[in-house]
Structure formats: structure tokens, C-alpha cells
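**Q** As a plain string of letters, each chain reads:
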Amino acid sequence: MFACIHGPAANLAQIAADFSPWFEQTAPDTVVFSIDPLRRIHGTPQQIGQAVAQRSGDRVHVAIAETADAAILAARNFPGLTIIPNLGDLEVATLPLLPEDLSQTLETWGIHTIEQLAQLPETGIVERFGPTGVYLQRLAKGAIHRPLRIAQPEITYDDRIDLDHPISLLEPLLFLIARILNDQCSKLMSNAMAAQEIMIRLELEDRTEHLRTLRLPVPMRDSKALLKLLQMDLEAHPPQSATMALSLTLKPAQPRTTQGGIFLPAAPAPDKLELTLARIRGLVGEDNAGVPELLDTHHPHPFRLVNRQPQISSQTAIASHQAFRYFRPPLTATVDLDCNRPARIAASGVHGKVLNAAGPWRTSGDWWTTEPWNRDEWDIALTNGALYRIYCDPDRRWFIEGSYD
Amino acid sequence: MNPNAALTTTLGFRPDVQARETLPTGIASLDQIIPGFPRGAISEILGSESSGRTTLIHSLLAASTANLEICAYIDTDDSFDPVSAAAAGVALSQLLWIRCGHNAGHALKVADLLLHAGGFGVVVLDLCQVQPRIANRIPISYWYRFRRAIENTPTILALAEKEPLARSCASLMLELQRQKTAWAGAPGFKLLREVEIEAIPRKPVRPVKANFKAQATG
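So the sequence lines, in the order shown, correspond to chains A and B. Going by this note's numbering, the residue at position 209 of the first sequence is 209; the numbering climbs one at a time, nothing skipped. Going by this note's numbering, the residue at position 96 of the second sequence is 501; the numbering climbs one at a time, nothing skipped.
Calculated directly from the structure, the hints in this document are not laboratory data. It is possible that part of the hints are untrue.
Computed cross-link-like contacts, DSSO-like style, restricted to lysine-lysine with a CA-CA straight-line distance of at most 27 Å [what the hints assert, rightly or not]:
hint, chain 1, residue 1, chain 2, residue 2
1, A, K141, A, K187
2, A, K272, B, K514
3, B, K608, A, K353
4, B, K608, B, K618
5, B, K595, A, K353
6, B, K585, B, K618
Using the sequences and the accompanying hints, generate a full structural model.
**A** Okay, here's the thing in C-alpha cells:
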């Protein structure tokens with residue numbers, strides 16, 4: 001059996017928690033809980049109801065019924081204390097989630113009370129109203145037995161260690177971090193969750209804080225992988241002084257669920273790839289590993305490198321286009337002109353007579369910014385057959401931008 | 406047991422290796438003379454400046470990304486041009502681009518990390534602009550290590566370079582030569598139109614050559 005408390009009391013959850021730790025709060029003004037475990041303490045349903053009503057005060061309604069939904073319906077419609085109510089005389093309109101069109105149809109049929117609705121043939125209800133009608137009729141019959149949706153307290157994944165002596169080396173610090181991570185990852189696993197973000201806060205000896213946040217591309221809960229990521233991040237961004245206390249917070253998220261296809265090619269596992277990328281970024285720099293992205297601009301370098309993992313995308317058409325290779329930085333060149341066209345070029349590793357030249361292609365832009373560009377471009381072929389793109393800036397300085405390869 | 410099989414077992418010879426799975430480049434004339442780039446092996450693409458090495462690399466990446474694979478481009482000298490790669494059909498969102506800032510040592514370490522991480526369709530190690538005196542100093546143990554890392558995987562390690570480096574560790578070696586450059590327009594108003602490239606298989610040696618054309622971008 002179930003008890004329902006309905007009313008304007010501010011501490012309904014607390015009242016319900018005094019009787020049972022497992023209660024459902026269906027609305028801000030309604031809580032429902034099972035009273036079966038209370039029989040040995042308080043006695044009969046009547047005595048339990050009186051105890052609940054006494055604890056709740058005069059302004060709330062208390063109802064005890066066979067099912068949770070019947071108790072809720074009774075508490076919402078009968079004042080004071082109601083024990084095993086007769087809901088048959090209640091109007092159909094008191095049923096929760098009653099659609100407007102269904103209410104009007106029942107009105108035209110002359111069905112006014114819950115008892116009348118309960119007596120209608122179930123087959124006819126299914127044919128005319130579908131699953132909603134069946135649910136309402138079963139509610140009217142008191143035939144819905146469902147488990148309570150228990151209100152769970154919010155689970156946090158954080159921990160803190162205060163140290164007796166400051167730690168200045170990374171290795172002993174990682175030992176402590178590993179201890180926290182192991183506990184928190186076990187907690188995540190037991191709750192079927194994973195970490196989307198890790199935040200580590202180090203309280204330092206010089207009374208400052210060192211805060212680092214790692215946003216993971218996919219939710220992870222492998223403590224070894226997370227520890228390695230934290231290690232590489234702290235190696236790249238070490239604290240300024242010794243650590244006096246550390247706290248670690250994991251932001252929970254639903255774990256990644258994927259289904260591989262037998263005919264799909266294998267791809268790097270995102271968590272493993274993130275670890276590899278962290279190692280690579282430690283080697284070549286934070287901004288030198290990622291995915292190329294084209295920009296909608298006429299700038300000579302209309303692309304950038306985005307710091308994220310590659311992902312499968314829609315297919316593009318394959319065509320045999322000549323590739324270009326940049327010289328970074330561009331090679332400074334000396335160019336001899338003949339009738340304002342390049343005739344000979346000399347630069348570090350590149351020199352020769354120009355056989356063919358196409359240009360000049362004059363481009364400019366971003367003159368409204370602090371980094372404008374303005375240049376005349378040429379495509380040239382040298383006597384050795386090599387093809388280059390060269391350009392001349394407004395100061396008449398020549399550069400080799402790259403080669404066609 | 407027949408004598409041949411007994412001899413093979415006794416002397417520890419490996420049985421005939423089955424034909425490797427390959428990835429065609431999408432260039433019809435080239436795919437006619439070689440079955441494609443062998444998976445689980447090192448392939449070398451050799452050539453001088455403007456010989457078409459990068460064009461062939463882009464075609465290989467385009468074929469791999471069209472196959473819904475993730476690829477990696479290890480850019481030793483920061484020379485990669487995403488615009489021409491996209492024009493060749495490379496799905497850029499499936500490409501991991503690593504700039505090594507003119508450091509060949511970092512490029513080799515990055516290649517090692519990526520090959521051991523696994524899961525890539527094609528890993529390109531671009532050594533085109535590395536000086537031969539530096540490239541020749543790369544210990545040969547790297548190439549054995551790389552070959553071992555990928556030998557039972559579908560990954561292709563493609564090296565783009567001026568001179569052969571992996572040598573005996575490579576399963577395919579293609580030498581590219583520029584044949585002809587086509588210009589459009591009248592003298593004084595020319596426009597680079599296309600380049601004809603010749604591919605010569607150096608390993609395995611084949612008495613045939615393939616010619617293909619690459620259109621100028623833009």
C-alpha cells in the first residue's frame with residue numbers, strides 16, 4: 001500500500017523522508033511512498049495514516065490506497081485523511097493527463113464518473129482512444145501497479161587531499177592523483193557514467209592556485225588513461241611552487257555507446273587517439289596537431305588547423321588535381337625582370353632561367369585590419385622543369401611561396 | 406608431408422605470403438600497372454621537385470578517406486596545402502594534420518606514435534623537403550620498427566621523399582618524373598593548365614610505366 005501527501009507544505013520531501021527513504025515526488029506539492037515497511041512500527045493503515053497526518057499538519061491532504069496512482073488521485077481530491085478511498089464517484093475530469101478531445105467524447109457519451117469509465121468495454125476503448133484511453137481506464141480501475149521513481153540525490157565526483165608537507169615533484173603528486181582517480185572512476189563505473197571533463201585544483205605553497213581543466217573529446221572512465229592525460233598536461237603546464245593541497249573534480253556524462261559495422265573500416269579508438277594526440281602535442285606543440293579546416297576567404301592561406309580529433313564525414317568527389325607545397329617561411333628571392341615579367345630567379349636552393357610565367361595575379365585584402373595583404377602572384381616554370389608560385393609585395397620584394405608538386 | 410613442406414618446416418622458412426590487400430589510388434593508368442598501395446606495408450614515392458609526389462599522395466589520401474578511413478599527414482616541413490588536398494577529394498575532416506616544424510626527428514617519433522596507436526587507413530610521412538644529408542642519417546632501425554608495427558594491420562605508411570630511405574623495408578617503390586607541363590593562352594597571357602607525370606615502379610620492378618595528368622588547381 002502507498003501513502004500520498006498533497007498540499008502546500010514546503011518540506012514535503014523531508015516529511016516523506018521521515019517515514020521512508022524511498023519516496024517519489026510527482027509534483028512540487030505531492031509525494032508518495034510505500035507504507036508496507038511501516039506496519040511493524042505504526043500498525044494498521046489507519047494508524048499509519050494518522051501518524052503521517054499528524055506529522056504533516058492540517059494544511060495538507062493525506063491518502064492511503066492500494067496503488068501509488070490511486071493514493072495520488074485520492075490525496076488530490078479528498079481533504080484531510082483518507083484511507084482506502086472509493087474513487088468511483090470522482091468526476092472523470094479529475095484523472096491526470098486527460099486529453100481535451102477524450103474528455104468531450106466521454107461527456108457526449110454520458111460518462112461522468114470514474115466508475116462509469118471503468119465499466120466501459122476495454123476493446124472499444126482501445127479502438128477509439130488507443131493507448132491513452134487504456135491507461136486512463138486502468139487508472140480508473142486502480143489496476144496500475146508501477147514501481148516508484150525514487151528521487152536520487154545528485155552524485156558528485158570530487159575529492160580533496162590536504163597534505164602535511166608540500167610536494168614539489170610531479171611523481172609523488174601523480175601518486176596522490178592516481179589514488180583519487182581510481183576511487184572516482186570506480187564510482188563512475190558503479191553508476192554507469194563516464195567523465196567528460198576533469199578539473200584539478202592545486203593549492204600552492206605561495207598561497208596561489210593552479211587550476212587545469214581537461215575537456216575530453218569522448219566520455220572516458222579508464223583511470224590509467226585519465227592519469228596519463230593529467231600527467232602530460234601537468235608536465236606541459238607545471239605549477240609555480242610546491243603543492244599544499246589538491247582537489248580533483250570529474251564532470252559526469254553518459255558513456256559513449258557505438259556499434260561497429262562488420263564492413264566498416266577500423267578507426268582509431270577516440271580515447272586511445274586522445275592519449276596519442278596528447279603525447280604528440282607534447283612533442284610538436286599544442287597548436288600543431290589537429291584537423292585542417294578551410295576558411296571562406298581569399299587570403300593566400302585560406303585554412304587553419306583546428307585542435308580536435310578527425311571524424312568520419314560525407315564523401316567528396318575524387319579528382320586528379322595538381323598539389324601545391326608551401327615553403328614556410330617563404331623563400332626570399334632575387335628576380336630579374338624582362339618587360340615586367342620574371343626572366344631569372346635566384347633563392348636558397350632555387351635558381352634558374354624562367355621558361356614560362358603566368359601572371360601577375362593581383363590580390364589584396366584585410367586592409368581594414370592590422371594584417372593586410374597585397375601582392376602580385378606568378379606561376380613560373382624553370383629550365384629544370386620545376387614549377388613555383390612566386391609573389392611580389394608592394395615594397396617590390398620577391399618571395400617563393402611554394403612549389404607545384 | 407610432401408618434401409617441399411617438410412623442408413619449409415624444418416628450415417623455418419615462411420610459407421608463401423598471401424597476396425596483400427591493396428588500396429587503389431583512383432588514378433586509372435597507375436592502377437593498371439600496380440594493384441594499388443599494399444596495406445600493412447611501407448610504400449615509397451620518390452621524385453625531384455615538381456615531379457608529382459604530393460599529387461599522388463593526395464590521390465591516395467582521397468581514396469582512403471572515400472573509403473571512410475581516418476588518415477594522418479605528418480608534415481615535416483609545414484608544407485601541406487589543405488586547399489589543393491580538398492580539390493583532389495581528400496575529406497579534410499578525416500585527416501589528422503601534424504606539423505613538425507622542420508624537425509625530422511619529431512616527424513619520426515610522431516610516425517611511431519601514430520603507427521602504434523593503430524586504426525589509421527593511410528599515414529603519410531612527408532620528407533620531400535628534408536635535406537638528403539639529414540634524411541640519410543635516419544637509422545634504418547626506424548623503418549624496420551615501422552614495418553613491424555603495421556605488418557598485420559590495414560595501415561599504409563606512405564613515404565614521400567627525394568631518394569629511397571626505407572629501401573628493403575618498403576614493399577612498393579614508385580619513382581615519379583614530370584613529363585610535360587601544359588600552358589593555356591597566348592604568349593604573355595599564359596595560364597598553368599596541367600602537368601603530365603610518369604610513374605615508374607622500382608619495387609617490384611615492372612617493365613611498364615604509367616602516365617597521368619594532374620590539372621592545376623584554381
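**Q** Against each hint, give a clear statement of whether it holds in the structure.
**A** Cross-check of the supplied hints:
1. A hinted pair counts as satisfied when its Cα atoms are at most 27 Å apart, and K141(A) with K187(A) does not qualify at roughly 43 Å.
2. Among the hinted pairs, K272(A) with K514(B) is consistent with the structure: their alpha-carbon atoms are about 17 Å apart, no more than 27 Å.
3. Restraint check for K608(B) and K353(A): not satisfied, since their Cα atoms lie roughly 35 Å apart, outside the 27 Å limit.
4. The suggested pairing of K608(B) with K618(B) holds, with an alpha-carbon distance near 22 Å, which does not exceed 27 Å.
5. Proposed proximity of K595(B) and K353(A) is supported: the alpha carbons are some 17 Å apart, at most 27 Å.
6. Note on K585(B) and K618(B): the hinted pairing holds, with a Cα-Cα distance of about 9 Å set against a maximum of 27 Å.
Hint violations for this structure: numbers 1, 3, all remaining hints satisfied.
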